[in-house]
Amino acid sequence: MEQTGQRTTRRQLLSTIGMLGGSALMYNMMTTLGYAAETQFKGPPNLSGAKKGASVIVLGAGLAGMLAAYELTKAGYKVRVLEYQDRAGGRNWSLYGGDTVTEMGGATQKVGFAPGNYLNPGPWRIPHHHRTLLHYCKAFNVELQPFIQFNHNAYVHNTDAFGGKPQRFKALAADFEGNVAELLGKALDQKSLDASVTAEDRDRLKEALREWGMLDGDMKYAKNLRSSEHRGFDRPPGGGVNGAPTPSDVFALKDVLDSRIWRNMAFFMNDEFQTTMFQPVGGMGMIGKAFAREVQPLITHNAKVTRIDQGKKGVTITYGDTGTGVVTEAKADWCVCTIPLTVLSQIENNMSAKMNAAIAAVPYSNSVKIGLEMKRRFWEEDAAIYGGHSFTNQEIGLVSYPNNNFLKDGPAVLLGAFAGGMGGYHLAGMTPEERIEAALAQGSVFHPESYRKEFSNGASVAWNRVPWILGCCARWTEETRAAHYQTLVAMDDRVVLAGEHASYVGCWMEGALLSSIDAITRLHKRALEA
Amino acid sequence: MKPALAAAAAALLLAAPALADEPGPGGAKPPVPVTGQQVYQMVCQTCHMADGKGAVGAGAFPSLASNPKLKVAAYPIVMVTKGRGAMPWFSDLLSPAQTAAVITYVRTNFGNAYPEPVTAEDVARLSPPAGGH
Chain U
1 MEQTGQRTTR
11 RQLLSTIGML
21 GGSALMYNMM
31 TTLGYAAETQ
41 FKGPPNLSGA
51 KKGASVIVLG
61 AGLAGMLAAY
71 ELTKAGYKVR
81 VLEYQDRAGG
91 RNWSLYGGDT
101 VTEMGGATQK
111 VGFAPGNYLN
121 PGPWRIPHHH
131 RTLLHYCKAF
141 NVELQPFIQF
151 NHNAYVHNTD
161 AFGGKPQRFK
171 ALAADFEGNV
181 AELLGKALDQ
191 KSLDASVTAE
201 DRDRLKEALR
211 EWGMLDGDMK
221 YAKNLRSSEH
231 RGFDRPPGGG
241 VNGAPTPSDV
251 FALKDVLDSR
261 IWRNMAFFMN
271 DEFQTTMFQP
281 VGGMGMIGKA
291 FAREVQPLIT
301 HNAKVTRIDQ
311 GKKGVTITYG
321 DTGTGVVTEA
331 KADWCVCTIP
341 LTVLSQIENN
351 MSAKMNAAIA
361 AVPYSNSVKI
371 GLEMKRRFWE
381 EDAAIYGGHS
391 FTNQEIGLVS
401 YPNNNFLKDG
411 PAVLLGAFAG
421 GMGGYHLAGM
431 TPEERIEAAL
441 AQGSVFHPES
451 YRKEFSNGAS
461 VAWNRVPWIL
471 GCCARWTEET
481 RAAHYQTLVA
491 MDDRVVLAGE
501 HASYVGCWME
511 GALLSSIDAI
521 TRLHKRALEA
Chain H
1 MKPALAAAAA
11 ALLLAAPALA
21 DEPGPGGAKP
31 PVPVTGQQVY
41 QMVCQTCHMA
51 DGKGAVGAGA
61 FPSLASNPKL
71 KVAAYPIVMV
81 TKGRGAMPWF
91 SDLLSPAQTA
101 AVITYVRTNF
111 GNAYPEPVTA
121 EDVARLSPPA
131 GGH
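Protein chains in written order, with our numbering: chain U, 1 to 530; chain H, 1 to 133.
A hint or two may mislead.
[What the hints assert, rightly or not] Non-contacting residues of chain U with respect to chain H, defined by C-beta distances greater than 10 Å in every case (computed):
| hint | residue |
| --- | --- |
| 1 | Asp160 |
| 2 | Ser367 |
| 3 | Arg475 |
[What the hints assert, rightly or not] Computed Cβ-Cβ distance ranges for the label pairs, DEER-style:
| hint | chain 1 | residue 1 | chain 2 | residue 2 | range |
| --- | --- | --- | --- | --- | --- |
| 4 | H | Thr35 | U | Glu348 | 55 to 63 Å |
| 5 | U | Glu479 | H | Tyr75 | 53 to 61 Å |
| 6 | H | Tyr75 | U | Lys354 | 30 to 38 Å |
| 7 | U | Trp262 | H | Val78 | 35 to 43 Å |
| 8 | H | Tyr75 | U | Glu433 | 32 to 40 Å |
| 9 | H | Tyr75 | U | Thr318 | 51 to 59 Å |
| 10 | H | Tyr75 | U | Gly112 | 25 to 33 Å |
| 11 | H | Tyr75 | U | Gly106 | 52 to 60 Å |
| 12 | H | Tyr75 | U | Leu183 | 49 to 57 Å |
| 13 | U | Gly106 | H | Val78 | 27 to 35 Å |
| 14 | H | Val78 | U | Lys354 | 42 to 50 Å |
| 15 | U | Gly106 | H | Val72 | 25 to 33 Å |
[To be verified] Short derived list, chain U residues pointing at chain H, Cβ under 8 Å:
| hint | residue |
| --- | --- |
| 16 | Gly105 |
| 17 | Cys137 |
| 18 | Lys186 |
| 19 | Val343 |
| 20 | Gly397 |
| 21 | Gly421 |
| 22 | Trp468 |
| 23 | Trp508 |
Since the hints were derived computationally from the structure, they do not count as laboratory data. From the three backbone atoms N, C-alpha and C, an ideal C-beta is built for every residue, glycine too.
All chains should be modelled from the sequences, with the hints used to inform the complete structure.
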């Protein structure tokens, strides 16, 4: 950066701070000034110069496995990939009309969506700071579009508030903020906060409360055109004779608190749920397909790994063909294992006892997603909801609206449930038909006139019943992280694990990719030293 | 949910900020199962299946049907409350009373005949505090 006039440049300022306060302070200042990134991504791994003939076997063709295969091939390794499914992509997956899904227990669904419609059973939204994933989307030509994460006009439903009637997010959030602003204003006027706030800040805070909370001249939150600007009007502004807007009633504080609206407001403030978010055009599975285009010739499908055996000379993987049952041994110098821990904990191996203890210490969460195809976009046409989520405290958790093809005629697919915890287990234990019925019964609360009437067909995925993973995502706790994480990510002789389970960005594709980059970088270093 | 358990669950919620793509604030009020059969159908049968026989994919869900490991009650208590491998812990989802009820149910159904009931006290004695291990 060129120095201009007498102004101190950011670099000068930073180097001064670095000298005075050490690197921790420097890092904090860099964050404040917008230099430090929200991700640990430093660009794709720049590996090269593999020993002649060195080989790697990758277990699993999800994003972590395919990234490893792609980058290690570029580095000069002879790579092959074993994959249990007949499809690459792992949890990066979209279901389309004509697809068939068979779950543990044998229930089979034939997806009946119209052409172009899809359900993303797994990942469905990409934070703007997941730079690794965005890097590979760009590199592999995956077209992205906005994912409408935050919609002020969607609903919030709580069975314990408003007699079970859903309300618009904007009305509840406006009334929560308005009430909090008014109460805080009163506390300032009553001098309750004088010990904490200077007189100057007290005046500025009152100004802030009036502007932020849409309070009137008397510092009251009340029914008027000002509060309606946040919460919505009774009669919105229009043209001509009746163009003048009329204000809407504000809710009582007790009702607003009953709705627990602060949980929704706080959710949208989470680092990973802030806008901008993205989705691939045509379904999340486009990312897996793009990776597969790069490495498909390396993949052996329908391969069920039954043994991982490592010795002085290399790694031997025993696998059976899930169709024919034919058992084969594959050998390589090194192994990148991305098999989910739920499955890996059941595979015979001679990795260290510590590693096996780590693998067995991390169970997976469960979640259920249900796609409902509707004959028309009644949420858009009747309720002015374009993308985003309506939340409920019922088991389905939410209804999420499609983020593409706005204002079009014809069928569209809603996400009719994204359920975890107790509700997720309950929905998962149902038959696919029972799940659809539960989703229709609970989701009808938002769109009672249309939900069942416009329903056409549906499909569901209960992650713990997905045969190749038996769960959704690795569930770490502070205790298991402390006891096992470093063991799990360390190279165990010739084997290194990778996947979202081997990261602190758990349950995100970014975690799988960052884990894989770290794993293969260390593997490459070890291979060069060997 | 009992008040104490609800408070513990709420504390857990606050202690663990969102670090996964999760449902968010929805789904906070599922039905509360009381009997052993209700707990089984709501929580256990998704993996161990309605007939208790489990299922096989790339890995397997063990069968609970006619399973001699259920003879000593401590085994299912520790498995349900602490988990192991693909089996998660449920000490943060199920109260000791719910855990006792479902273990009693499984030990007296699906071809198992271990009639001595498991009590909430048995569970509390063997299980860690809510929040898993």
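Outcome of the hint check:
1. Asp160: violated, 8 Å
2. Ser367: For Ser367(U), whose nearest Cβ neighbour in chain H is about 7 Å away, the distance does not exceed 10 Å, so it is violated.
3. Arg475: violated, 6 Å
4. Thr35(H) - Glu348(U): 55 to 63 Å: violated, 39 Å
5. Glu479(U) - Tyr75(H): 53 to 61 Å: violated, 22 Å
6. Tyr75(H) - Lys354(U): 30 to 38 Å: Roughly 25 Å apart at Cβ, these two residues miss the hinted range, so it is violated.
7. Trp262(U) - Val78(H): 35 to 43 Å: holds, 38 Å
8. Tyr75(H) - Glu433(U): 32 to 40 Å: holds, 35 Å
9. Tyr75(H) - Thr318(U): 51 to 59 Å: violated, 31 Å
10. Tyr75(H) - Gly112(U): 25 to 33 Å: violated, 44 Å
11. Tyr75(H) - Gly106(U): 52 to 60 Å: Check failed, 28 Å falls outside 52 to 60 Å.
12. Tyr75(H) - Leu183(U): 49 to 57 Å: holds, 54 Å
13. Gly106(U) - Val78(H): 27 to 35 Å: holds, 30 Å
14. Val78(H) - Lys354(U): 42 to 50 Å: Violated, since Val78(H) and Lys354(U) (Cβ atoms, about 22 Å apart) do not stay within the stated range.
15. Gly106(U) - Val72(H): 25 to 33 Å: Given a distance of about 32 Å, which is inside 25 to 33 Å, the answer is holds.
16. Gly105: At about 5 Å, which falls below the 8 Å cut-off, the nearest Cβ of chain H leaves the hint on Gly105(U) intact, so it holds.
17. Cys137: violated, 17 Å
18. Lys186: Cβ of Lys186(U) sits 27 Å from chain H, so the hint is violated.
19. Val343: holds, 4 Å
20. Gly397: For Gly397(U), the interface hint holds, since the closest Cβ of chain H sits about 3 Å away, which is under 8 Å.
21. Gly421: Hint on Gly421(U): holds, closest Cβ of chain H at ~6 Å, below 8 Å.
22. Trp468: holds, 5 Å
23. Trp508: Hint on Trp508(U): holds, closest Cβ of chain H at ~6 Å, below 8 Å.
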